[in-house]
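Novice: Chains as they are written, first to last, in the working numbering: chain X, 1 to 260; chain R, 1 to 389.
No wet-lab data here; the hints were simulated from the structure. Do not rely on the hints blindly, as some may be mistaken.
[As the list claims (entries may be wrong)] Distance condition first, Cα-Cα at most 30 Å in a straight line; then the derived BS3-like pairs of lysine-lysine:
{"no.": "1", "chain 1": "R", "residue 1": "118", "chain 2": "X", "residue 2": "80"}
{"no.": "2", "chain 1": "R", "residue 1": "206", "chain 2": "X", "residue 2": "14"}
{"no.": "3", "chain 1": "X", "residue 1": "14", "chain 2": "R", "residue 2": "271"}
{"no.": "4", "chain 1": "R", "residue 1": "238", "chain 2": "X", "residue 2": "49"}
{"no.": "5", "chain 1": "R", "residue 1": "306", "chain 2": "R", "residue 2": "226"}
{"no.": "6", "chain 1": "R", "residue 1": "25", "chain 2": "R", "residue 2": "178"}
{"no.": "7", "chain 1": "X", "residue 1": "80", "chain 2": "R", "residue 2": "140"}
{"no.": "8", "chain 1": "R", "residue 1": "22", "chain 2": "X", "residue 2": "80"}
{"no.": "9", "chain 1": "R", "residue 1": "206", "chain 2": "R", "residue 2": "44"}
{"no.": "10", "chain 1": "X", "residue 1": "80", "chain 2": "R", "residue 2": "47"}
{"no.": "11", "chain 1": "R", "residue 1": "205", "chain 2": "R", "residue 2": "140"}
{"no.": "12", "chain 1": "R", "residue 1": "367", "chain 2": "X", "residue 2": "49"}
{"no.": "13", "chain 1": "R", "residue 1": "44", "chain 2": "X", "residue 2": "49"}
{"no.": "14", "chain 1": "R", "residue 1": "22", "chain 2": "X", "residue 2": "65"}
{"no.": "15", "chain 1": "R", "residue 1": "118", "chain 2": "R", "residue 2": "47"}
{"no.": "16", "chain 1": "R", "residue 1": "7", "chain 2": "X", "residue 2": "65"}
{"no.": "17", "chain 1": "R", "residue 1": "319", "chain 2": "R", "residue 2": "238"}
{"no.": "18", "chain 1": "X", "residue 1": "18", "chain 2": "R", "residue 2": "22"}
{"no.": "19", "chain 1": "R", "residue 1": "7", "chain 2": "X", "residue 2": "14"}
{"no.": "20", "chain 1": "R", "residue 1": "232", "chain 2": "R", "residue 2": "205"}
{"no.": "21", "chain 1": "R", "residue 1": "232", "chain 2": "R", "residue 2": "118"}
{"no.": "22", "chain 1": "R", "residue 1": "238", "chain 2": "X", "residue 2": "14"}
{"no.": "23", "chain 1": "R", "residue 1": "206", "chain 2": "R", "residue 2": "177"}
{"no.": "24", "chain 1": "R", "residue 1": "178", "chain 2": "R", "residue 2": "161"}
{"no.": "25", "chain 1": "R", "residue 1": "206", "chain 2": "R", "residue 2": "118"}
{"no.": "26", "chain 1": "R", "residue 1": "140", "chain 2": "R", "residue 2": "161"}
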Amino acid sequence: MKIVVCIKQVPDTKGGVKFNPDGTLDRAAMMTIMNPDDKAGLEAALRLKDQYGAEVTVITMGLPKAEDVLREAIAMGADKGILVTDRVLGGADTWATSQTLAGAIRNLEYDLIITGRQAIDGDTAQVGPQISEHLNIPVISYAQKIEIDGDSVIVERQYDDRYHVLKAKMPCLITALAELNEPRYMTPGGIFDACEAEITVWGRANLVDVDDSNLGLKGSPTQIAKASDKVRKGAGEKVTLDTAEAVDYIVGKMKEKHVI
Amino acid sequence: MDFTLSKKHEMARTLFREFAEKEVKPLAQEVDETEEFPRATVEKMAKAGFMGIPIPKEYGGQGCDILTYAMCVEELSKVCGTTGVIVSAHTSLCCDPILTFGTEEQKQKYLPDLASGKRLGAFGLTEPGAGTDAQGQQTKAVLDGDEWVINGSKIFITNGKEAEVYVIFAVTGMVEKKPGRFMKEISAFIVEKGTPGFTFGTKEKKMGIRGSSTYELIFTDCRIPKENLLGKQGQGFKIAMHTLDGGRIGIAAQALGIGEGALERTIEYTKERKQFGKSIAAQQNTQFQLADMATKAQAAQLLVYKAARTKDQYTVDHKTAYGVEAAMAKLYAAEMAMEVTTKAVQLHGGYGYTREYDVERMMRDAKITEIYEGTSEVQRMVISANLLK
Chain X
1 MKIVVCIKQV PDTKGGVKFN PDGTLDRAAM MTIMNPDDKA GLEAALRLKD
51 QYGAEVTVIT MGLPKAEDVL REAIAMGADK GILVTDRVLG GADTWATSQT
101 LAGAIRNLEY DLIITGRQAI DGDTAQVGPQ ISEHLNIPVI SYAQKIEIDG
151 DSVIVERQYD DRYHVLKAKM PCLITALAEL NEPRYMTPGG IFDACEAEIT
201 VWGRANLVDV DDSNLGLKGS PTQIAKASDK VRKGAGEKVT LDTAEAVDYI
251 VGKMKEKHVI
Chain R
1 MDFTLSKKHE MARTLFREFA EKEVKPLAQE VDETEEFPRA TVEKMAKAGF
51 MGIPIPKEYG GQGCDILTYA MCVEELSKVC GTTGVIVSAH TSLCCDPILT
101 FGTEEQKQKY LPDLASGKRL GAFGLTEPGA GTDAQGQQTK AVLDGDEWVI
151 NGSKIFITNG KEAEVYVIFA VTGMVEKKPG RFMKEISAFI VEKGTPGFTF
201 GTKEKKMGIR GSSTYELIFT DCRIPKENLL GKQGQGFKIA MHTLDGGRIG
251 IAAQALGIGE GALERTIEYT KERKQFGKSI AAQQNTQFQL ADMATKAQAA
301 QLLVYKAART KDQYTVDHKT AYGVEAAMAK LYAAEMAMEV TTKAVQLHGG
351 YGYTREYDVE RMMRDAKITE IYEGTSEVQR MVISANLLK
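Can you build the whole structure from these sequences, using the hints too?
Specialist: Structure (structure tokens):
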């Protein structure tokens, strides 16, 4: 089985977030980590490798220093790393990113593609499903459990207060939640090997079936008007009231917050 | 001369730090309080490959170097001295002598399980009458047919009851060093837990590193196969000294970590603690104390890393001596740990004297680093003997 895992180097939000004047993230100035949902996706792939045997290739699009996140993945147990980097790819939104990654993945053989649900820097959850559209394969998002059954995958998809069990023929794409598993640590020996491992570097020329109009800042339909640090939502409040009281309670809260 | 760490060592440090913060730190206080061996942590460390860092891959290890191993012990000890010494005793005192002096069969038989952490290792040299004076050994081993019969006891054995493989030293005869002057001939053996005649005595109640399993080992007509002799008969003293030279790098790294950990806690605390309307970090006394603590911790780190690097060179050429470097690193790091933790408690004031704060535990943990695997006095003997030879 061949598994491709898309991973992203994201700012370590503990270290503070910095922006470029155009509103995009100043990635060069920030401490970075492997995006948590992607790490869970990688762990899922590595568990499938442990259980069924598989070749796990990790791929990332980013600045040359994004190579670090590929080495981290190899130190955890991935077999190969591919870095897609090119100046013309800079400033990409989710559309241009998914076009780029799909263009790169078209070079590879795969049974399964695993991406994280969303990255903690953009929080869009769009890239994974978009890649599956470009490659014309099924997608199962928000996976909380993955099993292989012959040439199919059986996935538990998280859904508000329940989960759905879905079966899809491979090749297919799965987006993983950080809650899917507890990712393993790198091993010291894995780190030594990862630092010696050859990372494949691809640029624009290596992308298959992608038009220039879909790449980089120019190929990005989304323009960032304003960006800010994420404000964490509270845990919310749960109250048990009968209908009339509940209506009064909600209306009261909305008035209090000047919503109405 | 380049003092920057390579990419792989930086990555390894990140790994060890993350593991220590997430898996070890939350349990450190409880491990100390309950004196319970942190078995679950050791299992996690085994899974992450921490139990065989400098062991070659062909024997199931990680194939890394001594510097990486020292950094692992350092980072673990920053948050928990107990966890640091478990890795150190296992790696330096059990895996290393088997790797260095074992036959191919012994290495194949024992190292894969040790390096993967499936089995824990320990080392038994110290006896009630044989501490610094290792020649004072009373434990005897006599060859009887195809078996060695061991009688005697060992005390203060780290990983004592938790280990499954032990490197044990015993007197196997007398040799005439000079005409009319006889010395004990000491040999080393590999003894497995569960061997009839091998039992455990009392558990030590210690001042610090209270979660480490420190036991007396008792051998009563304990019969082990002849092929469990480690190295040649009579090579025991050399094996013990060689092993302790390496072990000192591990303990130096433990001491370094304890000192650095106490410094980190003290920096955090002095910024928060307010007296006379400002943080105590704003007082010049605090600033000067912190400056001294940090400078000494940095000096200790350089000595420890240099000793580790020198032993790495020995691994390559089997010639480079590292005993003096190891002795200097252990001497300085241990005394630094004691001094820095004592100052840390002082800067924490009354709170530092309570078990609510980590520095209280760290000060108790630091003390042993001046004593085990060669006291500070022994390190001075090793260093000065080399100067005056």
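Novice: Does the structure break any of the earlier hints, and which numbers would those be?
Specialist: Hints 2, 4, 5, 6, 7, 12, 20, 22, 23, 24 contradicted; others consistent.
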